[in-house]
Amino acid sequence: MTSTPARPMDRLARVPHPSADVGAYFDLDNGLVDRTVFSDPSLYRQELRRVFAPSWLFLAHESQFRRPGDFFTTYMGEDPVIVVLGRDRRIRAFLNACRHRGMRICRADAGAAKAFTCSYHGWSYDTSGKLVNVPNQGDYPDRFEQDSWGLVEVAQLDTYKGLVFATFNPEAPPLTEALGGMTWYMDAMLDRDPEGTEVVGGVHKWVLEGNWKLAAEQFASDWYHVNISHASALMVMSPNGKGPKDGIVQTPGRQYSDPLGHGHGFPTHPKSRFDDRVVHEWYDYAALRDRLGDTRVEGPMTTGHATVFPNFSYLPVNGSIRVWHPKGPDRMEVWAWTLVDRSMPDEVKNAQRLYNLRTFGPTGIFEQDDGENWSECQATAHGFMSGSLTLNYQMGLGLQEEDGVHPGTTGRLYSDGAARGFYTRWRDLMNTPAWHENPGKDTAS
Amino acid sequence: MSIPTPQPAVEASGVYDADVRLYFETHRLYSREAQLLDQHRYADWLELFTDDLHYWAPVRTNRLRRQQALADGAPGEVAIFDETKASLAWRIRRFDSGMAWAEDPPSRTRHLITNVMVHAADEPGEYIAESAFLCYRNRLEREVDLYAGGRTDLLRRAPDDGRLLIARRTILLDQNVLLAKNISTFL
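So the sequence lines, in the order shown, correspond to chains A and B.
If you're matching positions, the first sequence starts at 1 in our numbering and goes up one per residue.
If you're matching positions, the second sequence starts at 1 in our numbering and goes up one per residue.
For reference, chain B alone in the conformation it holds in the complex (with noise of 0.2 angstroms):
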């Protein structure tokens, strides 16, 4: 019995060694960002977007088959994130104020972030990624909330050294009556 010899598999399956790269560095990103809203880094969380950053998650709401167009919120409608990187920074503000009590004492969070896709958007140096998420927020005792759904961002290179940077993100949250008395992390 032979030991089949290694073959390229990389070339029969369609995998390339820029696909596993950028794969590899765009999980690395969104596992970072993980780690740093569950450890409540907000002001470093908010190093990882660009100052032009447009972060949005509308709402969604329920419509018959025929009006689907119209089932996630449009541009310019009532929506739970509409931020700037400036706005984000002012949400940030109020939780280091020492005084945001819906936060104090802190919940726990955990981000998990999945089923990531990304390839190349039509300017050089950026990337559409989409990925699921699953925030599980324990508060107090025995509260506890989940916050489900897909996020698609547009990825750009730093100018400085090429790393990652979230320049748009779209939050779809698999809810219509959101299923929590507030949302006091970020998605």
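Chain A on its own, in the form it takes in the complex (with noise of 0.2 angstroms):
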């Protein structure tokens, strides 16, 4: 006889999903990547299994949750999430299913709310979760067990200075863990201000056909692009608008490639060649030197791009801070928030965040020319023999080492150092069971 299924996922250890191993279209050392990892769909389902699901990924700002009820809607791989701040105070996050059928229990992007309800059968679920009602519940038998039935939640949820994390690993380690040596680096944007940081109302959301991880490798990695691509938008911001000067393109400049994949670029100079005048202008310098360092004013907090592994990126001097989700092989959609420092004067923060719209927002001057390259690298893929390139990530390869100044294993500005390091960091995790697989262990959530 069957009882109550009271863990919501044991299914998963008891379904085979076959793994392939993904050693062979690597190799790192020699810096070269088949770009079969770009596009095929069963190594995009095992992705999903084993390196979204095991690992810990951006879900939104604290800021977002001020009143308990307070939620946001969003996406943990392809799983749809609801976070929400509960009347205790806590944010928690559940997958936006119904236990009953599977229906989206929360179809709005944001709001508040005393309780979920799900609109096909009436069961409801408060804000921790709980099943509190279940309409024609004496047509369920004795063994229904409402308790058992309550919305399957994150294993771990964690904030690190605002950015709120969350993983249905319960293997994972704690998130500080996880960031590992990247939180020197976060700290440069995270952390200019006793005060902290919070968002700008609203997400840009858009979609884009190409795969998740062009966009995520970029901004862990890719300075080189900058000149070229962005070479319309260098034009115009410069002070003549006429190009930049030649020295840009020999921009000093330091990047970090973390063990768990993390990557962070940056020029080091102490004067930010991006910021708006306004932004610029308000920080006091001397303040942040003795706050964060000399080291990271003139390098992390510049005009920095940044990868946390898996999906979450970005930008301290725009201010844009996103997720790249996964959508198939060929779609991600990007979800961007404009952060601002809490003790900015109103027109700094209004500074800031239309230096962002207009600069990485899906009109955005720079934006508009990645979207064209993400699209046209993954449109690329669909023959077989373009398909199976072998891809070139030598840039810098033999040149990473610890400098002495910058924690960790930086190389120079222009490298795939950090892209390398992410990828030895998938292709280990898409090679590893994750926790779901291993059939002798828990796997309650």
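Derived by calculation from the structure, the hints in this document are not laboratory data.
Where a beta carbon is used, it is the ideal one built from N, C-alpha and C, also for glycine.
Which residues of chain A face chain B? A partial, calculated answer using Cβ under 7 angstroms:
1) Asp109
2) Gly111
3) Gly201
4) Gly202
5) His204
6) Lys205
7) Val207
8) Val236
9) Leu354
10) Arg358
11) Thr363
12) Gln368
13) Glu372
Both chains are given apart, each in its own frame, so use the hints to dock them into the complex.
This is the structure we're talking about:
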């Protein structure tokens, strides 16, 4: 006789999901990547199981949740989730799917709710995920255990300086451990202000026909494209409007590659080249040097680019923080927030907001060209020959080192170092059975 | 059988010569504007706006029915466009740089403007014009994007020759997730 399946994910371990060894797609010591990893549908399914499900993923910013009941809906991999502030002021995240028939229980992007009631049969859940109402309950058998049918909660949820992350993986290390050495670099954006950060209202969302890794990799590792892809934007933004000076092409800088797959590139110079003037003039650079140290003010706080593995990226100077939601091997959705320091006066926050939307919003003068690159990289992967190309990730090979200035392993600004680190991590996760594949273990969430 | 005498239908149906003239002028402005955009003549397009222009396209969010007031982004929130005439000029300079790769080769666009309604605003010489748009973009081989929505403009007569100029534009794009990799034209 079967009893109530109290543990919602028990089935996972019983259903075999064949997984491929992806080692053959990489020769990272020699900087080689087979582009099959961007387009193969079965690798994509494996990626959802072994890269997204086990990893810490970015959900939202704490400032989106002010009062109990405030919620925001997003995705973890392709899993829809509700993030909600409970009456105990704890942020929780649940699969946005009713336990009865799987209907999406919350179809709003954000808002405030006392309970989430499924519009299919009326099962209703409170903000702690508990199933609180089942219409016609008398018609269920006695062994129906209402307490066992609450929303499926993530295994762990934590915040890092305002950023909310969660994972379905009960065996994942704590968030700060998973962020590892990256936190020193992240703090150059998240810890400029003793008051911390907040996000501007609203989220930019757009879709493009490209694999999510194209974007995640670029934000980890690719300063190289800036001078070419964004030549038009650089020209518009240069003081004389005639194009960047030659010196910019030789911009000195470093690129951090974290063993957990994170990456952060940044020019090293005391004054950031892309800053919005109002924002730049507001900053008290002497105080920032006291707070963050010269190395960070002259490095990762400048016009950097970063990815927290697997799919959270940011641009400290533009104030863009974003997730690359996977939507199949050939498609991603970009969800982007605008981050500001809490103690900025309103006019400075507004200047940061406008600067971000004009540069890196979906109409932004930089973002337009990135979108074209990613969609065309994807489009040329559909051929048999073109889709089997080995791609070159050799820039900066052999130049990774501990430079005695920046923590961890860094290379030059112009480097594929962090991309190689990103794919090393991706490959290792793809080749490691996730917690849910181990039938001997307790898979309760 | 007698031929009916032409009636002064104008007055009977509440349509006046001045309305017809204003409607015609507005429609002509929008047709001209669409043509300039579809011909990528952005610098000429910018001449259709006043110097104090505010050009705004808020983000649309899915909200519960009881929270519909929050469904269209508020001023000061994340927006698709939030522009002055100067910032539009900045965007246009990029297109004209010869290195705006996202538009090289250029897209084909067709801006269709319809459902026009226009009436006098409070200030003399100012009008509120509402319109619907459908912008079709075809790019490279098979890329197709559709941007559909509504616009509410404040029109103002130019002090020199009295032609209609656009002083405010609010664009409500009828999409939540923008169903395109970017917007490389104007709406």
